[in-house]
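Chains as they are written, first to last, in this note's numbering: chain A, 7 to 413; chain B, 7 to 413.
Treat each hint with caution, since some may be false.
[What the hints assert, rightly or not] Partner residues are not named here, just some residues of chain B that face chain A (Cβ under 7 Å, in silico): (1) Pro-117; (2) Gly-253; (3) Val-278; (4) Arg-406.
[Stated by the list, open to error] Chain B stretches covered by chain A per the calculated footprint, using a threshold of three residues with CB under 8 Å from any CB of chain A: (5) 145-155; (6) 306-320; (7) 341-351; (8) 355-369; (9) 392-402.
Hint data in this document are derived by calculation from the structure and do not stem from the laboratory.
Please read these numbers as outputs of a predicted model, since none were measured by experiment.
Think of the CB as a built atom: it goes at the ideal place given N, C-alpha and C, for glycine as much as any other residue.
Number of protein chains: 2
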Amino acid sequence: MPENQFTLPKGFSAGGVYCGVKSDATKLDLSLVVSDRPAVGVGVYTKNLVKAAPVLLDRERTPGERFRAIVTNSGVANACTGERGMQDALRMTALVAESLSQAAPHEPVAPEQVLVMSTGVIGEHLPMDKIAAGIPAVVADLGSDAAAVERSARAIMTTDTVPKVRSRTVEIGGRRVTVSGVAKGAAMIGPNMATMLAAVLTDAPVAAADAQPALAEAVDESFHSISVDGHTSTNDTVLLLASGAAGGAPLAGRDLRAWVATLVEVCEDLAVAIPTDGEGADHLITVEVHGCATEADARRIGKTIADSPLVKTAVAGADPNWGRIVSAAGYAGVPFDPMEVSLLINGALVYEKGTPVPFDEATVSDSIRSSRDTQLLLLLGEGHATARFWTTDLTAEYVRLNADYRT
Amino acid sequence: MPENQFTLPKGFSAGGVYCGVKSDATKLDLSLVVSDRPAVGVGVYTKNLVKAAPVLLDRERTPGERFRAIVTNSGVANACTGERGMQDALRMTALVAESLSQAAPHEPVAPEQVLVMSTGVIGEHLPMDKIAAGIPAVVADLGSDAAAVERSARAIMTTDTVPKVRSRTVEIGGRRVTVSGVAKGAAMIGPNMATMLAAVLTDAPVAAADAQPALAEAVDESFHSISVDGHTSTNDTVLLLASGAAGGAPLAGRDLRAWVATLVEVCEDLAVAIPTDGEGADHLITVEVHGCATEADARRIGKTIADSPLVKTAVAGADPNWGRIVSAAGYAGVPFDPMEVSLLINGALVYEKGTPVPFDEATVSDSIRSSRDTQLLLLLGEGHATARFWTTDLTAEYVRLNADYRT
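With these hints in hand, go ahead and build the complete structure from the sequences.
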């Protein structure tokens, strides 16, 4: 089976409709995923001090063990909306609980069993009449086929140009386990900013106490390892529901580790899809850092290189400008011996043990120009920890899109 | 007397020549400032782990009490040049000492009495034959008139479009004291990157033990409070020489504080000239942060807002996009109560105590579009500390210049 063919985990359904939050009626703006049984639910949320109402609500509700649904709207972020914003987020979960209970009265859902995400313009209130009308429609739209999942993924898009769904199925302890996710996030354009949302679903049986650190690890190696412009949103959220529909006792030991590895892979697949979809970007830049004392050190150096506008413009210009890359590493705030630093650009050694190496600039420049992928590999001599970080280049088109978004 | 009319402090001379480090012979590339008597010398240097040879040398020599000269070349940064780079930096100071000693044999100068700065391309060795021929020429060029000072300032320029010289003369304790400086730094374009150099000269009598904290304070409020792209260079250096030629005992108490205030002003004047000279930038953005617990908190929030590409592109597009500004403050890593945050853009209140305020977007947009200066004033409720931070907007022209620099 192809690893990336999309499969919804057993017992889950999904849907997406247009309810009128976005002005363009050819798009979708209300998404729902549902588990047919109570699921363990955990979340990782934005570290921005200014948190949107749905983030505040989900943070209160997770971790928990009886979640049934995640509802998400796009178009309005419900951020910087004060007490009314919190009432609106609460009402979204209550409306979903009510509609699901009506659809299946023998399995009533309580508002507290629903999580909520929003993305879009900041500082505007949700059009709750439209959302109230949309929720029964999206419940009616639920399905478990690929088309239903794609509608669900489309309904959370803002500046994304493609829906992002990824899935992996593996054998763990004699049972088939699936981890699937939908995500949104693209060029970080506009007042919705860098908002990145993801809902990851699995039918594996996982204890809440194991799910939280697993999601934290997966997010560190994926969504926390991408950046387009370093701007942390008010709404960034990654939610995980683990229903146990695959059967059996909660995973432990080697089985748990196998599931965590799959979770990391799915999150990485989803995360890399975000800078890959960077509107106005010509290159996906992978910064790989080896030889650090800790993974956190490696990630911090990778992020500092990835966030440097000088590095990003150099890649846009197909300029193998190693000085910008090495010196960005130097101000990451991580101690290292500069004389142990080496750098490869697209596999070509350009800097070795603190010293420039003669190389054919034209060849390396061509290798950048002729591919959408640019690989920067930085080697240090401080230890054995590594990390990868992904970003986009910085093009004139990016600036044009960001400067023109609103006015 | 106009505060900003340039005056060289008593006993100092300056000069600048072309010696051939730059390929364009219509420019200048070798600069010298000399004190006619031993001066206290202190420095503040780049925090980048990858430090250029002249930075390593000056760090060894300062603080000290017997400095006579600062020699600076532009065109080649003498960074990432290993042991040979350090030998070249040492030789530059020895050549200056030799030439000055020949010019005034009764006052011989030792190599250790000379400091050195370099800016330009990384990873190339200095053309020492050209520099060796240039040093006697720049010694012969020394003068104390405005033209000599301007040549000295021009000779440290790289992507700067204008020379940067600023000066203030004040009465302190019954004597006239002058603080003057030359600086370079502009659009942070190219492999010379964000390199910012400044030489600040004063005829005030200042003890070395007072000069170091004074310069650190002045740099925090000036050169550490500007950024164009957040990229810290391998060569950033601010040097201060205090000769005491104004006469009298070392300043203390209120007199010392008056001199420090003047030093801060001159450094601020020089620092703001750098983003003002941002090639490819249309706006100088001043971020003023009030109501923090500490100045460091306020500066950190100011820097985070100033470094956000989304804020910088919004200003380029004359977009009063308060959501980008408020949310950038939220990820600065400084705790604050979001419900106490207010924001003014060019004097217009757009966000008050955590809530958006209705305002005329067209009017505020016009105020951004019609002026080169944009003022962002963020108010918090954590205390009484304030800070200002300066940056440029991010335009498509900036990207074009940075992507095209080398290839």
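So, going through the hints one by one against the coordinates:
no. : hint    : verdict
1   : Pro-117 : violated, 25 Å
2   : Gly-253 : violated, 42 Å
3   : Val-278 : violated, 21 Å
4   : Arg-406 : holds, 6 Å
5   : 145-155 : violated (count 0)
6   : 306-320 : holds (count 6)
7   : 341-351 : holds (count 4)
8   : 355-369 : holds (count 5)
9   : 392-402 : holds (count 3)
The structure is inconsistent with the numbered hints 1, 2, 3, 5, although it conforms to all the rest.
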